[in-house]
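If you read the sequences in order, they're chains A and B. Offset between the first sequence (1-based) and our numbering: plus 139. Offset between the second sequence (1-based) and our numbering: plus 139.
In short, the hints are calculated from the structure, not lab data. We put the CB at the ideal spot given by N, CA and C, even for glycine.
Coverage of chain A stretches by chain B, computed from C-beta distances (three or more under 8 Å per stretch; other residues unrestricted):
| no. | segment |
| --- | --- |
| 1 | 232-240 |
| 2 | 574-588 |
| 3 | 643-650 |
Protein chains: 2
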Amino acid sequence: MTDRPVWNARPHLLSIEEWGYKIDDYLENADGGEIIFNINPDDDRVYDAIYIGGGAAGRFGSAYLKALGGRQLVVDAWPFLGGSCPHNACVPHHLFSDCAAELMLNREFSGRYWFSDLDNKIVNMKEIVDMFRKGRIGPHAIMNFQSKEQLDMEFILNTTARIIDPHTVEAAGRIFKTRNIVLSTGSTPNRLGIPGENLKGVFDYETFVEDLDYEPGDTAVVVGGGKTAAIYGCFFNATGRRTILVVRSTLLKLVPDSEIRGYLIDRMKEQGMEILEYSNLVRIENDGNGRVKAAIIETPDGERRVETDFIFTGIGDTPNSEQVAATLGLKLGDKKEVIVDEQLRTNVPNVYAVGDLIGAPMEMFKARKSGTYAARHIMGQDVSYSPRDFPDFVHTHYEVTWFGMSEDEAREVYDNVIIIKMPPENENGLNVGLPASDRMMLYALEKPHLSGYQKLIIDGASRKVLGIHHVGCGAKDGFQYLCRMIKAGITVDDLGEMDELFLNPTHFIQLSRLRAGNEVLIDL
Amino acid sequence: MTDRPVWNARPHLLSIEEWGYKIDDYLENADGGEIIFNINPDDDRVYDAIYIGGGAAGRFGSAYLKALGGRQLVVDAWPFLGGSCPHNACVPHHLFSDCAAELMLNREFSGRYWFSDLDNKIVNMKEIVDMFRKGRIGPHAIMNFQSKEQLDMEFILNTTARIIDPHTVEAAGRIFKTRNIVLSTGSTPNRLGIPGENLKGVFDYETFVEDLDYEPGDTAVVVGGGKTAAIYGCFFNATGRRTILVVRSTLLKLVPDSEIRGYLIDRMKEQGMEILEYSNLVRIENDGNGRVKAAIIETPDGERRVETDFIFTGIGDTPNSEQVAATLGLKLGDKKEVIVDEQLRTNVPNVYAVGDLIGAPMEMFKARKSGTYAARHIMGQDVSYSPRDFPDFVHTHYEVTWFGMSEDEAREVYDNVIIIKMPPENENGLNVGLPASDRMMLYALEKPHLSGYQKLIIDGASRKVLGIHHVGCGAKDGFQYLCRMIKAGITVDDLGEMDELFLNPTHFIQLSRLRAGNEVLIDL
Numbered sequence: 140m141t142d143r144p145v146w147n148a149r150p151h152l153l154s155i156e157e158w159g160y161k162i163d164d165y166l167e168n169a170d171g172g173e174i175i176f177n178i179n180p181d182d183d184r185v186y187d188a189i190y191i192g193g194g195a196a197g198r199f200g201s202a203y204l205k206a207l208g209g210r211q212l213v214v215d216a217w218p219f220l221g222g223s224c225p226h227n228a229c230v231p232h233h234l235f236s237d238c239a240a241e242l243m244l245n246r247e248f249s250g251r252y253w254f255s256d257l258d259n260k261i262v263n264m265k266e267i268v269d270m271f272r273k274g275r276i277g278p279h280a281i282m283n284f285q286s287k288e289q290l291d292m293e294f295i296l297n298t299t300a301r302i303i304d305p306h307t308v309e310a311a312g313r314i315f316k317t318r319n320i321v322l323s324t325g326s327t328p329n330r331l332g333i334p335g336e337n338l339k340g341v342f343d344y345e346t347f348v349e350d351l352d353y354e355p356g357d358t359a360v361v362v363g364g365g366k367t368a369a370i371y372g373c374f375f376n377a378t379g380r381r382t383i384l385v386v387r388s389t390l391l392k393l394v395p396d397s398e399i400r401g402y403l404i405d406r407m408k409e410q411g412m413e414i415l416e417y418s419n420l421v422r423i424e425n426d427g428n429g430r431v432k433a434a435i436i437e438t439p440d441g442e443r444r445v446e447t448d449f450i451f452t453g454i455g456d457t458p459n460s461e462q463v464a465a466t467l468g469l470k471l472g473d474k475k476e477v478i479v480d481e482q483l484r485t486n487v488p489n490v491y492a493v494g495d496l497i498g499a500p501m502e503m504f505k506a507r508k509s510g511t512y513a514a515r516h517i518m519g520q521d522v523s524y525s526p527r528d529f530p531d532f533v534h535t536h537y538e539v540t541w542f543g544m545s546e547d548e549a550r551e552v553y554d555n556v557i558i559i560k561m562p563p564e565n566e567n568g569l570n571v572g573l574p575a576s577d578r579m580m581l582y583a584l585e586k587p588h589l590s591g592y593q594k595l596i597i598d599g600a601s602r603k604v605l606g607i608h609h610v611g612c613g614a615k616d617g618f619q620y621l622c623r624m625i626k627a628g629i630t631v632d633d634l635g636e637m638d639e640l641f642l643n644p645t646h647f648i649q650l651s652r653l654r655a656g657n658e659v660l661i662d663l
Numbered sequence: 140m141t142d143r144p145v146w147n148a149r150p151h152l153l154s155i156e157e158w159g160y161k162i163d164d165y166l167e168n169a170d171g172g173e174i175i176f177n178i179n180p181d182d183d184r185v186y187d188a189i190y191i192g193g194g195a196a197g198r199f200g201s202a203y204l205k206a207l208g209g210r211q212l213v214v215d216a217w218p219f220l221g222g223s224c225p226h227n228a229c230v231p232h233h234l235f236s237d238c239a240a241e242l243m244l245n246r247e248f249s250g251r252y253w254f255s256d257l258d259n260k261i262v263n264m265k266e267i268v269d270m271f272r273k274g275r276i277g278p279h280a281i282m283n284f285q286s287k288e289q290l291d292m293e294f295i296l297n298t299t300a301r302i303i304d305p306h307t308v309e310a311a312g313r314i315f316k317t318r319n320i321v322l323s324t325g326s327t328p329n330r331l332g333i334p335g336e337n338l339k340g341v342f343d344y345e346t347f348v349e350d351l352d353y354e355p356g357d358t359a360v361v362v363g364g365g366k367t368a369a370i371y372g373c374f375f376n377a378t379g380r381r382t383i384l385v386v387r388s389t390l391l392k393l394v395p396d397s398e399i400r401g402y403l404i405d406r407m408k409e410q411g412m413e414i415l416e417y418s419n420l421v422r423i424e425n426d427g428n429g430r431v432k433a434a435i436i437e438t439p440d441g442e443r444r445v446e447t448d449f450i451f452t453g454i455g456d457t458p459n460s461e462q463v464a465a466t467l468g469l470k471l472g473d474k475k476e477v478i479v480d481e482q483l484r485t486n487v488p489n490v491y492a493v494g495d496l497i498g499a500p501m502e503m504f505k506a507r508k509s510g511t512y513a514a515r516h517i518m519g520q521d522v523s524y525s526p527r528d529f530p531d532f533v534h535t536h537y538e539v540t541w542f543g544m545s546e547d548e549a550r551e552v553y554d555n556v557i558i559i560k561m562p563p564e565n566e567n568g569l570n571v572g573l574p575a576s577d578r579m580m581l582y583a584l585e586k587p588h589l590s591g592y593q594k595l596i597i598d599g600a601s602r603k604v605l606g607i608h609h610v611g612c613g614a615k616d617g618f619q620y621l622c623r624m625i626k627a628g629i630t631v632d633d634l635g636e637m638d639e640l641f642l643n644p645t646h647f648i649q650l651s652r653l654r655a656g657n658e659v660l661i662d663l
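Isolated chain A (complex conformation):
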């Protein structure tokens, strides 16, 4: 490790484009290229914190600690900051979801208007992966630029750190002294643990982006029933492939509202997805050349064999905790998550842990916020953090977003639950041209049942909003802000007072206004 050449980035002001070329070179270089060394030689203070891992948690934590006047260092094995998100996680998840949405639209209008004829055609998947692999250098470059030139962070990249003790870290052949260590080493996709899982043709979200070097055939088998499996399964389906979801229990049980979940799953089936619940992939057949030939699936109706050269697993992630735990003697939970308190402190003094490493929810907001809260505590602020009452989402062919209670949950707690939804209860069911979010307009006009679904749940007594649920496009951003108001006790009357930007993806404002005049609220 220390033999690798070290490039002192400090004196150079690289443009975003120059960073892009450098990162690309290092990633393409079989030797991994130089260590990127960006240490301030004029600062002789001991570090307040060294962040081990420069993903979302480490980078945001570092930036915050620096902003608070502390001295930080962040070390990452990749030649860029930002971690797995732009490299093979959140960003490709979104890219493939975006493709799934576009492809469903194209297929539904195949050969009509300006849309290409995709009937019985399979879209090249490797081409899309290659596009992402090439394009991801852009976000990497901007994050190095932002971290160095705008946020003035110190970092060492493209090498691993060795933790000697809670106050001592070695990186790039140098010893760094620190008051604290913040562990932010992320997580890794779980493996199946079944025969054949090492065959060529078995992927998770990381290896799909990194290793796909052939065009998969006409059948995809996807293992999992959560976010990753749904996102990638819908994408494979939208490319025109037969797609079979193998779900240990039930599909998308993380979606809290049963009507919303039903709508989603009906649409997935309508797009031709095959869903095997209470089923397990138990064995993968070898074609004799080390490649996947077939998936053997145990279902409630017996064993099924599906010929395929492409299997994708989306069965959760496990914190990258083993090595750091062994080095430092950290206490781990059942799922290998590092146990921390609400100040993000581990059981070892002066060692903090943040991000995916501390377990669920493995979401971006928690990674970033836990990183900053560790920084604040280290810098002497009296703070505590625990991710609670947050909005959530999943992509299928749609964008699905929710916050607060489901209808069933609300009915368990409140006597007088009011439901405002679109389409409304009516004998045409979903065959109604509303809601029509952006990007759903064509469906709304020709295929109304595809145009989305939304629901607002209100306590009739206090008139407060209890839950919001949306399927469509364009609502996700709003849920970030709306949830804060709901936590503060917003009512149906407050909603009705807002100024909608019509056509708005969520119809919550105008639908609330249609009912707000009622002293005794009723459904809509």
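Chain B: place on chain A using the hints.
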């Protein structure tokens, strides 16, 4: 009028589908079909208000008055409630914008991935208009269903009302007594007032939807520089037509932030749009058969003649006030708007006016809210309404949204204005793969300068948010909610505390968090 047959809708519970067939029949019927009569025969109260016009203002006002326990009647000349919005205004604006966004995406990736080859191809426009014309019956049907079965409103449709005095209205051959009249007769697109404007081939947004019966050629001339002209111009451009915008002063001056406006206009030009500012269409040539042959345009560089069979005007709307003003003796403003106070009262006792009829802003939120505020005042509530400090938007090929101050406006008022934006100030300019809103993902990866632009403006002293600006997709809904928080004084620190749903179209939360640790804020 009274000779027309009257169909008593009251006893019938029509499904949304049945309403659809009925509305379609009446619209297609040369005689206009029957009058739709939905009056409660068991209620012998005098009406609290009769709404003249059942568009957004009249329908929401009626619903609210009914909810408050009052008795209302709404009369509309169309066989459906909801007015021009779903018929030929907001909804088709959005449909064509949605098509423009999709078409730009398709053109930028023409013939690649799954996208059809649109190079040098013109997309059929009439086909899209026909789709809308057929599909709009859906929203009409749901609004009649909602108004009757869910909101229990009384209405008379497919006929005009005759106002006899502020307490007496005749409709469907019957006299109705009322305590008040609420005028909500909307507005009509302005006309050019130039030679040739009555030729076949000259359209505004109403006639484009109602009358287009041929496929326009390869050149579109669009007159106007505001929302309607931009929306339709971008759509015509995206279909592959040469599109010339003729703007009396400067294009899109309603977009407050100059950088945002510059970004938009650069993209319009990049898509090939020709923009003639400080120019006027002065004459339209006749081809000898009553059709448009050419547009004669006065520009700062002299007169230009453009051969075309298609001219579109988007030069604002004028309130439909003349007839009601003459009947009732109403006071009108310079732009023919009915003058009202903050209780929506006209100068004539017991006569209110709401919606587009009272002038700018002619936006959906104002129509609906003014309707409900008139209802509240009529029902004895001590309220006042005036549209102030609202979020706003326009569609180009993009969705553009803003609220609050522009950068220039902020700098005039505050000493220490902090700008947080994406892409950041950098020597690569816009050639940076962020922001990447939903639907912008493909651009972000391959054509970064198309992936959007966003800006957060903060007062460095108070740390409060002064303005927000966004170009991309998926932010419009959020601006509805975010603006309420900004009005309540939200700070950069509050933003940094929220839980983002990543990848979020607005990067405001995470970018704020990167700076929130700084005691003295600086740009990002």
